[in-house]
Amino acid sequence: MEKVSFIIAEKSFVIRTGLMKIINSFTETIILKEVTEYKTIIKYVNKLNPDFLIINLKFIEDAYDDIRKIFSENIKTKFIIFTGTKKSKEHFAYFDEQISVDDDKTTILKKIQVLISGIIPYGNEDNNELSEREKEVVKQIALGKTNKEIAEELFISVHTVITHRKNITGKLGIKTVSGLTVYAILNNIIEINEAS
Amino acid sequence: MLITKKTKLAEVIHQNYHLIPIITRFGINFGFGDKNVEQICEKYNIRQDFFLEIINAFNDEDYSPINKLQNLPLEITVNYLLKSHQYFNKVKLPHIENLISKLEWISAENKKNKSILNKFFIQYRKEVTEHTLHEENEVYPFIIEIEKNYNLLENNIDFSKLLENKSVIKYAETHDELNTSLLDLKNIIIKYLPPSDNIDITEQILNEIFDLEKDMKDHTDIENSVVIPVAIKMENELRKRFNLK
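Protein chains in written order, with my numbering: chain A, 1 to 196; chain B, 197 to 441.
Derived from the structure by calculation, the hints contain no laboratory data. Keep in mind that this is a model prediction, so the values were computed, not measured. A few of these clues could be false.
What the hints assert, rightly or not - On the chain A side, residues computed to face chain B include the following (Cβ under 7 Å):
1) Gly173
2) Ile174
3) Lys175
4) Thr176
5) Ser178
6) Gly179
7) Val182
8) Tyr183
9) Ile185
10) Leu186
11) Ile192
No residue lacks a Cβ here, since even glycine has one placed at the ideal position from N, Cα and C.
Here chain A stands alone, though its shape is the one from the complex (with noise of 0.2 Å):
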């Protein structure tokens, strides 16, 4: 399943780890890097341009210039500020969303839900049934074949039985030819003695 990915731009070591918790509460979810000097936060947006960036205050206000170039360069990035204190809002234009440290517990997680399903909307997750081509190339795998000989077989090309391959990890949560085998055999798309 693809994951909401964040980054954490906060100093406090105990705010952080209680924001971590609180992102890492949700399966969909996935922290690519805690920053806690503000100089590092352009280069780790960049470098991994993650969905949502939160961000304390206390360091847009360290370096608001630098916070806003990223913010007009990097358009998927989103942005959430946290609040130590109420403060005025003029800064507040250009963010996505606002976590305060007054916030109660029910309060932050809809917030972050919402969040989440801007990128991920419900019901896609759902589908996890493999198509009947997908079925075709997991019994392709099963049976010990390479990508190219997959390709050859349905008469598709390499990089589309790659996708394939993707997408059928992602459904299944399997990634080895052995595991995929055993996922074969389970579901009768092989006989166990076809196996290689």
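Could you slot chain B onto chain A? The hints should help.
The following block gives chain B in isolation, referenced to the frame of chain A:
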């Protein structure tokens, strides 16, 4: 909690029983009474600083032992890694294999389920054994040699010649394959294997696999962030001394 030399070992286990295999890996046996870490280490002739780093790292994911371990002799860390290999190969993997052989299904599919799961696990066990053997026979001895020569005052010509064709960098490989197989195994059992007739065995197997996964992760973390980088640093220094590239 931070475990210190004054912490009682019995308390350590009460607080986190997952540390049991780590403690026994150091050769420590039960019945510690009220002895603390310092006293136990003295009794078993274990380096206390090393023991504390390993046990704290395993106890708390946020505890980073890297800096301190990098300053201890590599040989100590490598010896620990060798002991965890033994634990994986001689204790944990045979135990899981034995549990898998106890799974039963009433249906006619029994034989099939059993044999494919067994086959998958035996294949995985073989991969682990090959990987650990390679490290024990090739990687670790070479690293120990590097450290020995690094500590020598005079240049060893034979070793200098060896370094012309060999480098630790080659061994800085990942262990992705092994981790992926474990992930697959978990999903196969949790999601795809038909429910067995003895759920208690399935539960035990899953617990064992999750334990093994964590243990192996800590193991590879130590290899990748302590042993290999320190060995590379020493090797580079030796290359300078030998006037090698």
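Hint-by-hint comparison with the structure:
no., hint, in the structure
1, Gly173, "holds, 4 Å"
2, Ile174, "holds, 5 Å"
3, Lys175, "holds, 5 Å"
4, Thr176, "holds, 5 Å"
5, Ser178, "holds, 5 Å"
6, Gly179, "holds, 3 Å"
7, Val182, "holds, 5 Å"
8, Tyr183, "holds, 6 Å"
9, Ile185, "holds, 5 Å"
10, Leu186, "holds, 5 Å"
11, Ile192, "holds, 6 Å"
Checked against the numbered hints listed earlier, the structure breaks none of them; every hint is satisfied.
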